[in-house]
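Residue numbers (UniProt numbering), protein chains in the order written: chain B, 1 to 191; chain Y, 1 to 201.
A portion of the hints provided could be inaccurate.
BS3-like cross-link-like pairs, simulated, lysine-lysine; straight-line CA separation at most 25 Å [unchecked claim]:
1. Lys-106(B) <-> Lys-175(B)
2. Lys-13(Y) <-> Lys-131(B)
3. Lys-78(B) <-> Lys-4(Y)
4. Lys-51(Y) <-> Lys-116(Y)
5. Lys-116(Y) <-> Lys-38(B)
6. Lys-180(Y) <-> Lys-93(B)
7. Lys-130(B) <-> Lys-51(Y)
8. Lys-80(Y) <-> Lys-39(B)
9. Lys-80(Y) <-> Lys-130(B)
10. Lys-97(B) <-> Lys-51(Y)
Calculated directly from the structure, the hints in this document are not laboratory data.
These are the residues of each chain, in order.
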Amino acid sequence: MADTEQPEAPVELQSRNVVYCGVCTLPPEYCEYGGTVKKCQEWLEKNQPAMYERIWSPEALEAAASSLSIDAQKRAAKDAQKKAAKAEAAEQKQATKLATSVVTIKRIERNKKKFVTAVIGLEAFGLDLKKVAKDFGKKFATGSSVTKLPSGGEEIVVQGDVSDELEEFILEKYKDVPEDNIEFVDDKKKK
Amino acid sequence: MFKKDLPVAPKQKLKSSVQRSLRNSLLATYPLLTPYIDEIMPKKGSLESMKLPDRNTLYVLDSVPLFYQQDGSDLLPHLKLVHRFPQAFPSIRIDRGAIRFVLSGATLMAPGLTSKGGRLPVEGAKPLEEGKEMEQGIVEDGRWSRELAKGEPVVIMAEGKEEACAVGILVAGTDEVKAKGKGPVVEDAHFLGDGLWCLHA
Numbered sequence: 001m002a003d004t005e006q007p008e009a010p011v012e013l014q015s016r017n018v019v020y021c022g023v024c025t026l027p028p029e030y031c032e033y034g035g036t037v038k039k040c041q042e043w044l045e046k047n048q049p050a051m052y053e054r055i056w057s058p059e060a061l062e063a064a065a066s067s068l069s070i071d072a073q074k075r076a077a078k079d080a081q082k083k084a085a086k087a088e089a090a091e092q093k094q095a096t097k098l099a100t101s102v103v104t105i106k107r108i109e110r111n112k113k114k115f116v117t118a119v120i121g122l123e124a125f126g127l128d129l130k131k132v133a134k135d136f137g138k139k140f141a142t143g144s145s146v147t148k149l150p151s152g153g154e155e156i157v158v159q160g161d162v163s164d165e166l167e168e169f170i171l172e173k174y175k176d177v178p179e180d181n182i183e184f185v186d187d188k189k190k191k
Numbered sequence: 001m002f003k004k005d006l007p008v009a010p011k012q013k014l015k016s017s018v019q020r021s022l023r024n025s026l027l028a029t030y031p032l033l034t035p036y037i038d039e040i041m042p043k044k045g046s047l048e049s050m051k052l053p054d055r056n057t058l059y060v061l062d063s064v065p066l067f068y069q070q071d072g073s074d075l076l077p078h079l080k081l082v083h084r085f086p087q088a089f090p091s092i093r094i095d096r097g098a099i100r101f102v103l104s105g106a107t108l109m110a111p112g113l114t115s116k117g118g119r120l121p122v123e124g125a126k127p128l129e130e131g132k133e134m135e136q137g138i139v140e141d142g143r144w145s146r147e148l149a150k151g152e153p154v155v156i157m158a159e160g161k162e163e164a165c166a167v168g169i170l171v172a173g174t175d176e177v178k179a180k181g182k183g184p185v186v187e188d189a190h191f192l193g194d195g196l197w198c199l200h201a
């Protein structure tokens, strides 16, 4: 959500160009309802100082507060707090999920000297498996496809034994994946 | 309607004949858009459609969402479009206390409109008359110049805010809301921060 302004804006007088918050994507005047108020404020102060002045100045806040009864204000504040806590919890959960999810690189023996390499678990890092598979195929000049696992979920199967290079490639290309979270498995065919 | 995040579906290019008919129905629903229609949907542009859950279709131009439609009902503008052309859509305004409920997907109830901070169409306004579609607009203080009927699409503004916060279909006419002063007014709206808003087309 890096784009702060509307991506397309034909230069004509009639269309208004609305600035959106870079943190919660809402128009900045609605940031207070987004649950990430603190971060939104920081962002706005940095990127749109004029707007920050207008929305978060003491006078503006006072005007906003005066139109609500004290009781309603309290309730709203409580609600906002709850929402913020929720957003924070979700963020933390995401972070732990990232930290604990493991990418498994599996070398599977197909036929004595022939191997395929399967990569499981990349989707946890927000990667589009289909695109990644295409990249693998391009890098190693082999077939590379997304296949469904019987246990549900999907894996990428690359033809040939490319497990070592694959690890390097993943680390280099997808910086989100920590090195420690990559695991090798050697799958021998049973006799 | 879109409380949950939406899955990204593949987009399909629309035929130019379909585009043309969409354009016409858009103008029929929102006559005030007429001066801007070439800017919203350039004749050359390639409009795409995306299927969403619950038989909704989203129309996208150059990966900017324009409007959506549920199963043959009226076209509803995406909020980003409303923000670009706020004056072209009939609007009502809610008071400050109601904003946080609307932004978490609640049904909009009449007291949020009838209270001091809310704005309904002006007193003694007439319903839509044939041939006078272009003569409506915001008169004094954020009030629309005519009564809005049940089933009409409406943009929901908010007290003290410049931008619209939701879009939906009226389940009660504005005259009825004024008379009764309670009950639901807009159900299942598309609001800021919902799945449709967050969708990356």
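Results for each hint:
1. With a CA separation close to 21 Å, the supplied pair Lys-106(B) and Lys-175(B) stays within the 25 Å bound.
2. A threshold of 25 Å between alpha carbons decides the hint, and for Lys-13(Y) with Lys-131(B) the separation of about 22 Å falls inside it, so the pair holds.
3. With a C-alpha separation of about 23 Å, the suggested pairing of Lys-78(B) with Lys-4(Y) holds against the 25 Å cut-off.
4. Annotation: proposed proximity of Lys-51(Y) to Lys-116(Y) is violated, straight-line Cα distance about 40 Å (limit 25 Å).
5. With a CA separation close to 30 Å, the supplied pair Lys-116(Y) and Lys-38(B) exceeds the 25 Å bound.
6. As the CA atoms of Lys-180(Y) and Lys-93(B) are separated by approximately 46 Å, the hinted pair breaks the 25 Å bound.
7. For the given pair, Lys-130(B) sits about 20 Å from Lys-51(Y) by alpha-carbon distance, which is consistent with the 25 Å threshold.
8. Proximity of Lys-80(Y) to Lys-39(B) is assessed by CA-CA distance (about 22 Å); at most 25 Å being required, the pair is judged to hold.
9. At most 25 Å may separate the alpha-carbon atoms for a hinted pair to count; Lys-80(Y) and Lys-130(B) exceed this at roughly 30 Å.
10. With a C-alpha separation of about 30 Å, the suggested pair Lys-97(B) and Lys-51(Y) falls outside the 25 Å cut-off, and the hint is violated.
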